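Novice: Take these sequences, add in the hints, and give me the full structure.
There are 2 protein chains.
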Amino acid sequence: MENRGRNRKEILAKLRLILGNDAKYEDGKILCSMCTKPRPIAEIAHQMFLCSNLGDSGLFPGSRRLEQEVVRKLADLLNGKSKAGFIVSGGTEANLLALLAARDWLDVSNPEVVLPESAHFSFDKICNLLKLKPVWAELDNTFRAVPESVERCITDRTVAIVGTAGTAELGAVDPIRGLSEVALAHGIHLHVDAALGGLVIPFLKYAERDALEFDFRLGGVKSITVDPHKMGMSTVPAGGILFRKRAFLDHIKTETPYLSDETQYTFVGTRSAASVAATWAVFESLGREGFTKTVGRCMALTRLLAKNIETLNLKLVVQPTLNIVAFRTSNSKETAEILQKRGWFISYVPRLDCLRIVIMPHLRRQHVQTFLADLSKMIQ
Amino acid sequence: MENRGRNRKEILAKLRLILGNDAKYEDGKILCSMCTKPRPIAEIAHQMFLCSNLGDSGLFPGSRRLEQEVVRKLADLLNGKSKAGFIVSGGTEANLLALLAARDWLDVSNPEVVLPESAHFSFDKICNLLKLKPVWAELDNTFRAVPESVERCITDRTVAIVGTAGTAELGAVDPIRGLSEVALAHGIHLHVDAALGGLVIPFLKYAERDALEFDFRLGGVKSITVDPHKMGMSTVPAGGILFRKRAFLDHIKTETPYLSDETQYTFVGTRSAASVAATWAVFESLGREGFTKTVGRCMALTRLLAKNIETLNLKLVVQPTLNIVAFRTSNSKETAEILQKRGWFISYVPRLDCLRIVIMPHLRRQHVQTFLADLSKMIQ
Numbered sequence: 003m004e005n006r007g008r009n010r011k012e013i014l015a016k017l018r019l020i021l022g023n024d025a026k027y028e029d030g031k032i033l034c035s036m037c038t039k040p041r042p043i044a045e046i047a048h049q050m051f052l053c054s055n056l057g058d059s060g061l062f063p064g065s066r067r068l069e070q071e072v073v074r075k076l077a078d079l080l081n082g083k084s085k086a087g088f089i090v091s092g093g094t095e096a097n098l099l100a101l102l103a104a105r106d107w108l109d110v111s112n113p114e115v116v117l118p119e120s121a122h123f124s125f126d127k128i129c130n131l132l133k134l135k136p137v138w139a140e141l142d143n144t145f146r147a148v149p150e151s152v153e154r155c156i157t158d159r160t161v162a163i164v165g166t167a168g169t170a171e172l173g174a175v176d177p178i179r180g181l182s183e184v185a186l187a188h189g190i191h192l193h194v195d196a197a198l199g200g201l202v203i204p205f206l207k208y209a210e211r212d213a214l215e216f217d218f219r220l221g222g223v224k225s226i227t228v229d230p231h232k233m234g235m236s237t238v239p240a241g242g243i244l245f246r247k248r249a250f251l252d253h254i255k256t257e258t259p260y261l262s263d264e265t266q267y268t269f270v271g272t273r274s275a276a277s278v279a280a281t282w283a284v285f286e287s288l289g290r291e292g293f294t295k296t297v298g299r300c301m302a303l304t305r306l307l308a309k310n311i312e313t314l315n316l317k318l319v320v321q322p323t324l325n326i327v328a329f330r331t332s333n334s335k336e337t338a339e340i341l342q343k344r345g346w347f348i349s350y351v352p353r354l355d356c357l358r359i360v361i362m363p364h365l366r367r368q369h370v371q372t373f374l375a376d377l378s379k380m381i382q
Numbered sequence: 003m004e005n006r007g008r009n010r011k012e013i014l015a016k017l018r019l020i021l022g023n024d025a026k027y028e029d030g031k032i033l034c035s036m037c038t039k040p041r042p043i044a045e046i047a048h049q050m051f052l053c054s055n056l057g058d059s060g061l062f063p064g065s066r067r068l069e070q071e072v073v074r075k076l077a078d079l080l081n082g083k084s085k086a087g088f089i090v091s092g093g094t095e096a097n098l099l100a101l102l103a104a105r106d107w108l109d110v111s112n113p114e115v116v117l118p119e120s121a122h123f124s125f126d127k128i129c130n131l132l133k134l135k136p137v138w139a140e141l142d143n144t145f146r147a148v149p150e151s152v153e154r155c156i157t158d159r160t161v162a163i164v165g166t167a168g169t170a171e172l173g174a175v176d177p178i179r180g181l182s183e184v185a186l187a188h189g190i191h192l193h194v195d196a197a198l199g200g201l202v203i204p205f206l207k208y209a210e211r212d213a214l215e216f217d218f219r220l221g222g223v224k225s226i227t228v229d230p231h232k233m234g235m236s237t238v239p240a241g242g243i244l245f246r247k248r249a250f251l252d253h254i255k256t257e258t259p260y261l262s263d264e265t266q267y268t269f270v271g272t273r274s275a276a277s278v279a280a281t282w283a284v285f286e287s288l289g290r291e292g293f294t295k296t297v298g299r300c301m302a303l304t305r306l307l308a309k310n311i312e313t314l315n316l317k318l319v320v321q322p323t324l325n326i327v328a329f330r331t332s333n334s335k336e337t338a339e340i341l342q343k344r345g346w347f348i349s350y351v352p353r354l355d356c357l358r359i360v361i362m363p364h365l366r367r368q369h370v371q372t373f374l375a376d377l378s379k380m381i382q
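Here the protein sequences line up with chains S and Y, keeping their order. Numbered per this note's numbering, the first sequence spans residues 3 to 382. Numbered per this note's numbering, the second sequence spans residues 3 to 382.
What you were told as hints is all true, and nothing was included just to trick you.
Since the list gives no way to pick one copy over another, a pair counts as held whenever it fits inside one copy or between any two copies.
Calculated pairs, DSBU-like style, for lysine-lysine (alpha carbon to alpha carbon, straight line, at most 30 Å): (1) Lys295 to Lys207; (2) Lys247 to Lys135; (3) Lys26 to Lys39; (4) Lys85 to Lys11; (5) Lys255 to Lys335; (6) Lys133 to Lys255; (7) Lys85 to Lys26; (8) Lys255 to Lys31; (9) Lys255 to Lys135; (10) Lys133 to Lys85; (11) Lys309 to Lys31; (12) Lys11 to Lys26; (13) Lys295 to Lys16.
Derived from the structure by calculation, the hints contain no laboratory data. Model, not experiment: these values are computed from the prediction.
Specialist: Shown next, in the form of structure tokens:
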């Protein structure tokens with residue numbers, strides 16, 4: 003740190019310069035993120051609640067109420083009856099709280115968790131933290147979990163099964179009904195990681211939605227991760243964790259010795275209400291109609307992109323279920339590198355040797371068309 | 003969620019109403035928080051970088067550079083030579099990363115960690131998560147760790163010792179030099195939780211600072227938590243974790259399959275650069291001179307408050323070292339409740355049966371005087 007401070011004008015000029023090196027969602031070049039530009043009202047609400055701390059919520063009862071409302075709205079959307087849940091730092095903390103509750107609920111020695119191979123990499127972190135042994139279950143040829151394979155992985159040390167509603171790499175939705183039946187039969191926790199899909203699937207057309215059952219209507223589903231800072235178009239950090247029943251909270255509880263709240267359930271202590279207010283504002287601003295429109299637009303663009311990629315004689319890894327398109331070229335890694343050099347932020351997924359595009363709300367039809375034109379030139 | 007969205011004006015009016023229920027730092031009634039009103043420049047910088055995601059930093063190289071600069075500035079301040087560190091969600095995640103590195107570095111079965119009884123409650127969460135057995139060491143009559151007591155707790159399963167530079171309840175600073183010697187003698191990790199003190203002690207007068215050695219100059223100190231969202235006057239979430247050497251990072255590393263970065267070290271995945279930019283802006287704006295002035299003002303108010311409390315014939319739990327005052331009345335719990343009813347946000351600490359006040363930068367002399375007047379009336 004310098005001895006003397008600098009003036010505000012200099013500091014802001016320097017910050018603007020530095021910010022100039024960051025990509026911007028609105029430029030339409032970010033094709034690889036599950037985050038997006040927050041809605042304008044989210045940014046305003048965020049700034050309003052920047053100083054309110056939900057980790058000491060006795061001081062900030064207005065913010066506490068907002069969090070409870072957001073949790074209730076999310077639970078309603080996912081057909082949950084309980085209001086037990088929190089808006090946390092993101093999907094990783096949400097998944098952590100679910101597996102912590104599951105581990106401590108059953109309390110077996112050398113606990114294991116059954117994970118389909120497509121589970122998010124945050125579960126690697128979490129298993130390492132929690133000393134949970136991950137047992138990997140196979141996928142079918144559409145990259146979805148196979149309930150029979152999951153069931154074969156279960157031992158008397160299994161404390162939980164994880165299913166994903168919208169895998170990070172392909173947007174695949176596991177057969178949660180089948181996993182729920184397995185979980186119920188064995189009396190273990192099914193956690194659904196719907197970080198992405200939880201705010202997409204409820205807004206799909208009826209027929210599509212019905213084929214993708216994933217929520218609390220399925221009795222085995224004990225907890226769901228659903229992230230407002232992804233398709234909820236809220237600000238970061240806003241991950242959601244919902245529990246089927248309040249009793250799970252006893253297993254993630256810590257006593258606090260000097261705060262205005264006597265207990266704390268989240269992993270993170272001090273946490274701003276800013277993104278909770280932002281989430282609330284987006285929900286109020288869009289309503290189901292607004293979300294349905296945005297999701298519809300993303301899905302239409304996804305189908306457009308997928309169809310055009312096939313027209314270029316490139317192979318889709320799988321037909322898109324949600325707003326992710328994955329495809330291969332004759333040399334996918336090289337194609338990705340060339341596209342990246344041309345300014346496109348696109349993922350290359352080594353495990354699947356494919357390129358991956360996430361169609362988030364910041365992407366417009368012309369962005370997709372420009373990308374397709376570039377891709378088309380490259381592969382000819 | 004409602005079907006139809008509401009208009010912006012209605013939403014903002016409702017949010018303002020809700021925010022009216024939250025306490026405001028600037029009202030001078032919050033006497034119990036280790037957070038404070040961020041500096042105005044922090045709020046501006048926060049908003050500027052709201053959309054940049056350090057969890058996918060290949061897209062946001064400007065923000066990545068800002069984080070590295072903030073870590074370097076913090077390391078310099080704490081006399082560290084390495085730049086291995088991160089700005090994370092807060093002290094809890096910072097402490098988690100330190101103990102995870104320590105646990106996996108030594109990799110013994112049934113690992114233990116030695117914690118002085120004054121260690122922060124986040125270590126309860128962390129020990130539960132990491133399946134680390136906490137072994138509690140006694141404090142002396144000034145509520146500081148006793149190196150001999152800590153040493154007696156060490157077994158061949160001990161992976162780390164924790165020391166605190168600024169305990170949350172009393173602001174006590176453990177004898178870190180003594181703990182460092184114990185750690186070196188036994189070849190185990192000493193983690194210093196300086197979440198509060200790390201941005202206070204370096205700005206104290208020389209004599210006071212010299213009596214409170216706690217940083218990387220002591221060879222046993224392998225990691226330090228220091229939170230910009232406390233005395234750094236930055237926005238939440240900004241916790242800092244610094245490691246003595248880069249090699250520790252190998253033990254907190256996760257591979258990422260689809261992001262622009264191949265590895266991730268923090269627990270949280272997606273994380274906004276907003277509070278990193280805010281922290282950078284405060285450091286640039288204040289410099290050491292500005293921090294010295296703010297810390298000086300807080301410490302002067304702390305001494306004023308402590309002296310006046312003694313003048314009222316109330317007993318301090320301990321003479322303040324940092325900006326926390328703890329005291330007892332004939333019925334401390336009842337006094338706290340009455341003060342709370344009168345609008346003062348003040349802590350009652352059951353374990354120590356005392357009241358607790360943290361003098362943060364949002365508090366002015368007149369706030370302290372008003373409080374003293376109220377307290378004085380009450381106890382007469």
